[in-house]
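Chemist: Start from the sequences, fold in the hints, and give me the full structure.
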Amino acid sequence: MTHPSNAVDVCVVGGCGRVGLPLGIALAARGLSVVLYDIDAAAVDRVNAGNLPFAEGGAAQPMTEALAAGRLRATTDPTSVGLADALVVVVGTPVDEHLNPDLGAVPRAIERCVEHLRDGQLIVLRSTVYPGVTALTEKLLTSRGLTVDVAFCPERIAEGKAMTELFTLPQIVSARTPQAMERAEKLFRHLTDSIVPLQPEEAELAKLYTNTWRYLKFAAANQFWMMANDFGLDFERIRHAVTFDYPRAADLPMPGFAAGPCLLKDTMQLAAFNRNNFVLGHSAMLINEGLPLYLVSRLEDRFDLAELSVGILGMAFKGGSDDSRDSLAYKLRKILTLKARETLCTDPYVADDRFLPLDDVLKRADLLVIAAPHADYAELDTEKPVIDMWGLTGQGVLV
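Everything in the sequence shown is counted per the working numbering, starting at -3 for the first residue and increasing by one.
The hints are simulated quantities; they were obtained by calculation from the structure and are not laboratory data. It is possible that some hints are incorrect.
Unchecked claim - Distance ranges between label pairs, derived from CB positions: (1) 243 / 65: 41 to 49 Å; (2) 353 / 66: 39 to 47 Å; (3) 72 / 353: 30 to 38 Å; (4) 333 / 65: 49 to 57 Å; (5) 285 / 228: 21 to 29 Å; (6) 223 / 174: 46 to 54 Å; (7) 73 / 27: 19 to 27 Å; (8) 333 / 195: 44 to 52 Å; (9) 181 / 74: 24 to 32 Å.
Beta carbons: idealized from backbone N, C-alpha and C, even for Gly.
Modeler: Structure follows, in structure tokens:
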């Protein structure tokens, strides 16, 4: 195995995204030399200039320090993948418009740079993948005549908490051979001593189960909330009674939009894996994706929406985030555009020229709906009705 003269320890493919960049920063902070390869030239320029392309608490300072020390840099040059002892592939793994998984996302990312790979490298798949994609990637690399070690080590961080959770959460490590397992484990021991070894197919399911379990829990809470609402009861009071000093119910969430780029997608990937025989998963999708429709139907019962301006507070997919991907606030906006006299949107973190400052929305709207539970909305200064299914304002969640 020959090492290039300008070798680095790790190359992160998709390294300027919300998963790849925190990982690269964390590894660099632990002393490794890291190159971030990304096809998004604007994000690469921002990172090299010392600016985060998105909000991620605690990432800015270690990124600046690693850049200054020469342990971290970003590039659009695909030859960079050949410089690293270990390659970590972090790319989005979408489902299509029919909710079928795209099996080719990870292989395509590797195909784009495969000519620059070399024998002896460790290739770590970090993306959430459909079961069997690790094996597919192994076949692809072998068919290209490469002798490399392949591992699947799924990311498990919550957006916004990466710089804490990368160092505190156990890391699932899976590989087909003892050598690949040993190398992957050594890499991630730079971040955590808590390693959970699995076979690749076990690890692929473990990651899908993780996100699907959260999605199912949110669906249960949302349906419970709807039931209570329909009987004129406040779910927040009921949930408090159920969970108070009662550990077996402690994980019952509050209601709210279960959205973002992972939970629905991975639930549908799991359904496809099981030949679309996943009654719980499909039911959860109907409940969670149907929540904006339910919410508007309740509003129609209480208000003459056609005569009202409705303010939607928060367009991100979760509280405290600047990420609006797959946010159900947009589905809510679409429905209200048909029903209300006017729909006004605001968000303190999501940049969009169509959004208004919060003060403008508070003045102009007749009715307010909290669609993302940003802490900014916990103490709104308004006399107007506030619809708060999250329990953020402490005024109950009865709609």
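Chemist: Against this structure, judge whether each hint is valid.
Modeler: Tested hints:
1. Taken as a hint, the range 41 to 49 Å holds for the pair residue 243 and residue 65, whose Cβ atoms sit roughly 45 Å apart.
2. Separation of residue 353 from residue 66 is about 42 Å and conforms to the stated range, judged on CB atoms against 39 to 47 Å.
3. One distance hint, 30 to 38 Å for the beta-carbon pair residue 72 and residue 353, holds here, with the actual separation near 36 Å.
4. Checked against the hint of 49 to 57 Å, the pair residue 333 and residue 65 passes, with Cβ atoms roughly 50 Å apart.
5. The given range of 21 to 29 Å is respected by residue 285 and residue 228, whose C-beta atoms sit roughly 25 Å from each other.
6. Checked against the hint of 46 to 54 Å, the C-beta distance between residue 223 and residue 174 comes to roughly 52 Å, which is consistent with it.
7. At about 24 Å, the beta-carbon gap between residue 73 and residue 27 stays in the expected band of 19 to 27 Å.
8. Restraint check, residue 333 to residue 195: a C-beta distance of roughly 49 Å satisfies the suggested window 44 to 52 Å.
9. Restraint check, residue 181 to residue 74: a C-beta distance of roughly 28 Å satisfies the suggested window 24 to 32 Å.
Every hint from the earlier list agrees with this structure, and none is contradicted.
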